[in-house]
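I would like the entire structure built from these sequences, with the hints used as guidance.
Heads up, the sequence shown is in the UniProt record's numbering, so the first residue is 1 and it goes up one at a time.
All clues given are correct.
Derived Cβ-Cβ restraints for the label pairs, each shown as a range:
1) Glu333 x Asp250: 38 to 46 Å
2) Ser164 x Ile298: 19 to 27 Å
3) Ser134 x Asp250: 20 to 28 Å
4) Asp293 x Ser146: 54 to 62 Å
5) Ser328 x Val85: 48 to 56 Å
Heads up, simulated DSS-like pairs for lysine-lysine below, C-alpha to C-alpha not over 30 Å straight-line:
6) Lys307 x Lys291
7) Lys127 x Lys147
8) Lys185 x Lys305
9) Lys307 x Lys185
10) Lys128 x Lys249
11) Lys127 x Lys249
12) Lys128 x Lys99
13) Lys372 x Lys307
14) Lys147 x Lys249
15) Lys171 x Lys185
16) Lys257 x Lys99
17) Lys307 x Lys257
These aren't lab readings, by the way, just hints derived from the structure by calculation.
Where is the CB? At the ideal position from N, CA and C, for every residue including glycine.
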Amino acid sequence: METSYLLVKPMKNKTSLFFQFLFRSKRSIMVLIPSVFLLLCCKEPDTKDQVATISLWYGTEQSFGNIGHPQAQINVLGNIQTDSVGITTYYMLNDTQEKHVLTLGSDLHRLAAHGDFNIEIYRDRLKKGKNLVSIYVAKDKTVLASKEITLNYNPETEWPLPYSVNWAEVKDILDVVQVVDGHWKITPQGIRTQDVYYDRVLAMGDTSWRNYEVTTTVTFHGYTPPEEGPPTYNVSHAALATLWPGHDKDSLQPNRKWHPLGATAEFRITDGYKDCRWRIFDGDNFYAEQKEDKYRNIEEGLPYKMKHRVQDLTDNSVRYSVKLWDASREEPEEWDFQAIETSKTKHLGGSCLLIAHNTDVTFGNVDIIPLKEMATLVD
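Right under this line is the structure:
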C-alpha cells in the first residue's frame, strides 16, 4: 500500500475543529477533515504506473575479443533504478529462454551502489560474432523495463605482448581493456574511477601470459579510510595484479572469489597518506608485506610511476617485484619490495589488472613488456 500523510496543525472555525493533512501518493492534496470523522482512502498503485530505468555504463553494443581474452568471462556492467518493491531482475542470452539471475547492489563487494549489476558470462557460452543479451525488470508477471545489448565476440585472438595504452588516443574504453568491475571514465590524465568502492578492476593481457612487467602512472585523489568490515575490509589501495585467470566460480552472482591468481601487489594507503606501504599476496597462502622502516609518505594529487614485474625463477618459484616513485623523477634502480612464492601450481599463466580498492585514482598510460622466460635468484 503506497500511502503517507502528514498532520500539519489543528485549525479552528466557528463550528468545529478541523485538521489539515497533506496526503502524498501520485499527487499531493491538501484536505480539511472534521475531527469527528477521519477517513483516508488509499489505492494500491497499478503495476503499469511503476517504472524502472536500466543504464548500461559502456553502451548497448560492446565488443569482446577484438584484442584478446584476459579472463574466462566477459562482463556487462550497469545500474537499475526503480521505486517499485518486490521486483525480480534477470537476463537472457541469445535465443534461449533460460532466465539467469541478476543480482542488484549493493552487495558490499563487487556491486557498489544501490541497483548496480554485473552480468558475468563465461566465454564458452558465447558464439562467434553477434550475441544478444536481454535484461528484464519484472514485478509479479509484468515486465516493468527491458533493454537489449549486442555483444560482438571474437574467440580467435590472442592479446599481443608487448602492449601499450595511450589514453589520449582512446575513444572507447573497451577497445583497449576489459572492464571487470566499476564505472570508469577517460580523462585528460588517464582513466579514473567514478565510484570509490571495493575492487574497481581493469584487465588486459592473456590467460597464457607469464614473465612480464607492467608500468603505469597512478594519482590519488582521495580514499575511504580503511576500517574493519565492508567496504574496505581494513585496506585501501591501488594495485597491479599479475597472472590473473578471472574470478573463480562460486555460488554468487557475480562470482566473488578473486583467487587463485599469481599475486596482487597493493600499494596501501593509510590515514593522511602517511606510512603507506606495499604488500604482495595471493588471497590464499602467500603473503608478504614491507617492513616498517620502508614505509613512506605520499602526496594527494601527485602522479607516481608504478611498476610490477612477475618472473619465473630457475628453481620453479616465482618472484614479484614492485616499485613506486615520483613521476617527475628518474626511475630508481632498486625495487621497493620483492617477494618470492616457492610453489606455483595453481594455473599456467594470466593477465594483468589495474585495481582501485576504496580509492579515487587515475591510472595513466600503460606499458607491458615481456621478460626472458627464466631468471636466477640473483638476477
